[in-house]
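Q: Whenever a hint applies, use it, and build me the whole structure from the sequences.
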Amino acid sequence: MLRYIYAEDLKNEPLLRDTMFRDRADQFKTRLGWEVAVNDAGEERDEYDDLNPLYVIWQRADGTHGGSMRFLPTVGRCMVNEHFLNLTDGVRIESPLIWECTRFCLTRGAEPTVAAALMLAGGEILDRFALRHFVGVFDARMVRIYRRIGSSPTVLGASGTGRDAISVGLWEFSQDAKERVARQAGLSPALSEMWFKQAFGRGQPQRFAMTG
Amino acid sequence: MKPRLEQILEDLEQATSLDHLQSALEAIRDHFRVDHTVYHWVNSAGEQYGCGTYAPEWAAHYQEKDYLRIDPVVQGCFQRFHPVDWKDLDWTSRAARAFQEEARAFGVGKQGFSVPLRGPNGQFALFTVNHNCDDDTWERFTEVHRRGMILVAYYCNQKALEFEPGRSPEPSQGLSPREVDALTLLALGQSRAQVADALSISEHTLRVYIESARFKLGALNTTHAVARAISRGLIVV
Chain A
1 MLRYIYAEDL KNEPLLRDTM FRDRADQFKT RLGWEVAVND AGEERDEYDD
51 LNPLYVIWQR ADGTHGGSMR FLPTVGRCMV NEHFLNLTDG VRIESPLIWE
101 CTRFCLTRGA EPTVAAALML AGGEILDRFA LRHFVGVFDA RMVRIYRRIG
151 SSPTVLGASG TGRDAISVGL WEFSQDAKER VARQAGLSPA LSEMWFKQAF
201 GRGQPQRFAM TG
Chain B
1 MKPRLEQILE DLEQATSLDH LQSALEAIRD HFRVDHTVYH WVNSAGEQYG
51 CGTYAPEWAA HYQEKDYLRI DPVVQGCFQR FHPVDWKDLD WTSRAARAFQ
101 EEARAFGVGK QGFSVPLRGP NGQFALFTVN HNCDDDTWER FTEVHRRGMI
151 LVAYYCNQKA LEFEPGRSPE PSQGLSPREV DALTLLALGQ SRAQVADALS
201 ISEHTLRVYI ESARFKLGAL NTTHAVARAI SRGLIVV
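Chains as they are written, first to last, in full-length UniProt numbering: chain A, 1 to 212; chain B, 1 to 237.
Read the hints as simulated data drawn from the structure, not as lab findings.
We put the CB at the ideal spot given by N, CA and C, even for glycine.
Watch out, some of these pointers could steer you wrong.
[Stated by the list, open to error] Calculated cross-link-like contacts (lysine-lysine; reagent style DSSO-like; alpha-carbon spacing at most 27 angstroms):
| hint | chain 1 | residue 1 | chain 2 | residue 2 |
| --- | --- | --- | --- | --- |
| 1 | A | K11 | B | K87 |
| 2 | B | K87 | A | K197 |
| 3 | B | K65 | B | K87 |
| 4 | A | K11 | A | K29 |
| 5 | A | K178 | A | K197 |
| 6 | B | K87 | A | K178 |
| 7 | A | K197 | A | K11 |
| 8 | B | K110 | B | K87 |
| 9 | B | K110 | B | K65 |
| 10 | B | K110 | A | K197 |
| 11 | B | K110 | B | K216 |
| 12 | B | K2 | B | K216 |
[Unchecked claim] Beta-carbon label-pair distances, calculated as ranges:
| hint | chain 1 | residue 1 | chain 2 | residue 2 | range |
| --- | --- | --- | --- | --- | --- |
| 13 | B | D30 | A | T30 | 28 to 34 angstroms |
| 14 | B | L68 | A | R77 | 43 to 49 angstroms |
| 15 | A | L32 | B | D30 | 50 to 56 angstroms |
| 16 | A | G90 | B | K65 | 26 to 32 angstroms |
| 17 | A | P112 | B | D19 | 45 to 51 angstroms |
| 18 | B | L68 | A | Q198 | 39 to 45 angstroms |
| 19 | A | E82 | B | G122 | 24 to 30 angstroms |
| 20 | A | E179 | B | A198 | 39 to 45 angstroms |
| 21 | B | D30 | A | S174 | 31 to 37 angstroms |
| 22 | B | L68 | A | E35 | 14 to 20 angstroms |
A: So, in structure tokens, the structure goes:
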């Protein structure tokens, strides 16, 4: 199922949290060879994980991480404006209507539907939080995956070549694109909507509930 | 006649005190034709101040009762960055229900849309549009106006940050050469397609540059952004 979890609430999901950070180490360090830090527990975390980002996570039936991505508002500290200005022609992308999406990660051997499910979640976020775009950082392999699930970003800039290329790209979501991605994910829009509402409210008890 | 949002933002831009922010909030309320607009700042020590159109008696009562601790809007938005409809918050506890009832008695409407705002050094504030109407009417209203409300919220917060005592001025980020080029060509009357072509970028990319420039200029739309860039001397045509 799709989960939407702010970093500060990850402590309530230790298995999901730990497998996510380990899968990130496996993808970004082991498979892609990015210069990321991996801690003694075998987890890849960076300073942006400390800024209370919102994670979208595909949780597998056994409770573990199947794939994920990380969102931060571009009006605060974020990766594209602190590390990738060289890929955006020096433009600081900054708007309350644009969020950054980074660390798009798939667990080893993830079903092809997982990437599509994550993109669908991205579409839900855009729609329901009134955003216009995501700006994201991704590797060359993801370009093929995004194309296959029918949700290719507009590339703003790239550095490196071949499989070492890192790109900054831009997503918009038409209703068409959302439906296409939902079909690719094998998920009904109603189910996706239910997962979203489960995470963000409509009478759902939240951890801040006070019992008076 | 309802005030134009562009004019409200022009006035806000010139604001030099909280009184001006107060006037802007009243004008924003009139623009959206709603019961209330509120800007509420809370710092890490739990100190707070607010501007807006709630009854002063409610504001005083809220402070006296230390309702920060139970207000589901504050509790639900703190440590979050997505905008919320009040229906998505948790009002189920007894304390929250009692709080809501009291608020209603002071004229606070049952519908609300709140935008969490965050500045440097853990600054936290909320911008809220509040109204009394049925759910369908409210849903139609937020569907049409949510982006406008989000932008206005951020512009109010940027202004409030300027008033913070002892604040060291933020280094102005300014516009990048690419953004200046894009706005200049638009100001010269070129279409988006022509501008994208001239800058050898896609129209998608251009849209993001314009979106980004618009926010840095505190503008509502492209025309407004171009006008502001010209009036500030950032572009010359």
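Q: All hints are to be evaluated individually against the structure, with a verdict given for each.
A: The hints, checked one at a time:
{"no.": "1", "hint": "A:K11 / B:K87", "in the structure": "holds, 26 angstroms"}
{"no.": "2", "hint": "B:K87 / A:K197", "in the structure": "holds, 11 angstroms"}
{"no.": "3", "hint": "B:K65 / B:K87", "in the structure": "holds, 24 angstroms"}
{"no.": "4", "hint": "A:K11 / A:K29", "in the structure": "holds, 24 angstroms"}
{"no.": "5", "hint": "A:K178 / A:K197", "in the structure": "holds, 17 angstroms"}
{"no.": "6", "hint": "B:K87 / A:K178", "in the structure": "holds, 25 angstroms"}
{"no.": "7", "hint": "A:K197 / A:K11", "in the structure": "holds, 21 angstroms"}
{"no.": "8", "hint": "B:K110 / B:K87", "in the structure": "holds, 9 angstroms"}
{"no.": "9", "hint": "B:K110 / B:K65", "in the structure": "holds, 20 angstroms"}
{"no.": "10", "hint": "B:K110 / A:K197", "in the structure": "holds, 20 angstroms"}
{"no.": "11", "hint": "B:K110 / B:K216", "in the structure": "violated, 33 angstroms"}
{"no.": "12", "hint": "B:K2 / B:K216", "in the structure": "holds, 26 angstroms"}
{"no.": "13", "hint": "B:D30 / A:T30: 28 to 34 angstroms", "in the structure": "violated, 59 angstroms"}
{"no.": "14", "hint": "B:L68 / A:R77: 43 to 49 angstroms", "in the structure": "violated, 26 angstroms"}
{"no.": "15", "hint": "A:L32 / B:D30: 50 to 56 angstroms", "in the structure": "holds, 54 angstroms"}
{"no.": "16", "hint": "A:G90 / B:K65: 26 to 32 angstroms", "in the structure": "violated, 50 angstroms"}
{"no.": "17", "hint": "A:P112 / B:D19: 45 to 51 angstroms", "in the structure": "violated, 59 angstroms"}
{"no.": "18", "hint": "B:L68 / A:Q198: 39 to 45 angstroms", "in the structure": "violated, 27 angstroms"}
{"no.": "19", "hint": "A:E82 / B:G122: 24 to 30 angstroms", "in the structure": "violated, 18 angstroms"}
{"no.": "20", "hint": "A:E179 / B:A198: 39 to 45 angstroms", "in the structure": "violated, 35 angstroms"}
{"no.": "21", "hint": "B:D30 / A:S174: 31 to 37 angstroms", "in the structure": "holds, 34 angstroms"}
{"no.": "22", "hint": "B:L68 / A:E35: 14 to 20 angstroms", "in the structure": "violated, 43 angstroms"}
Consistency with the previously given hints fails for numbers 11, 13, 14, 16, 17, 18, 19, 20 and 22, ordered from lowest to highest.
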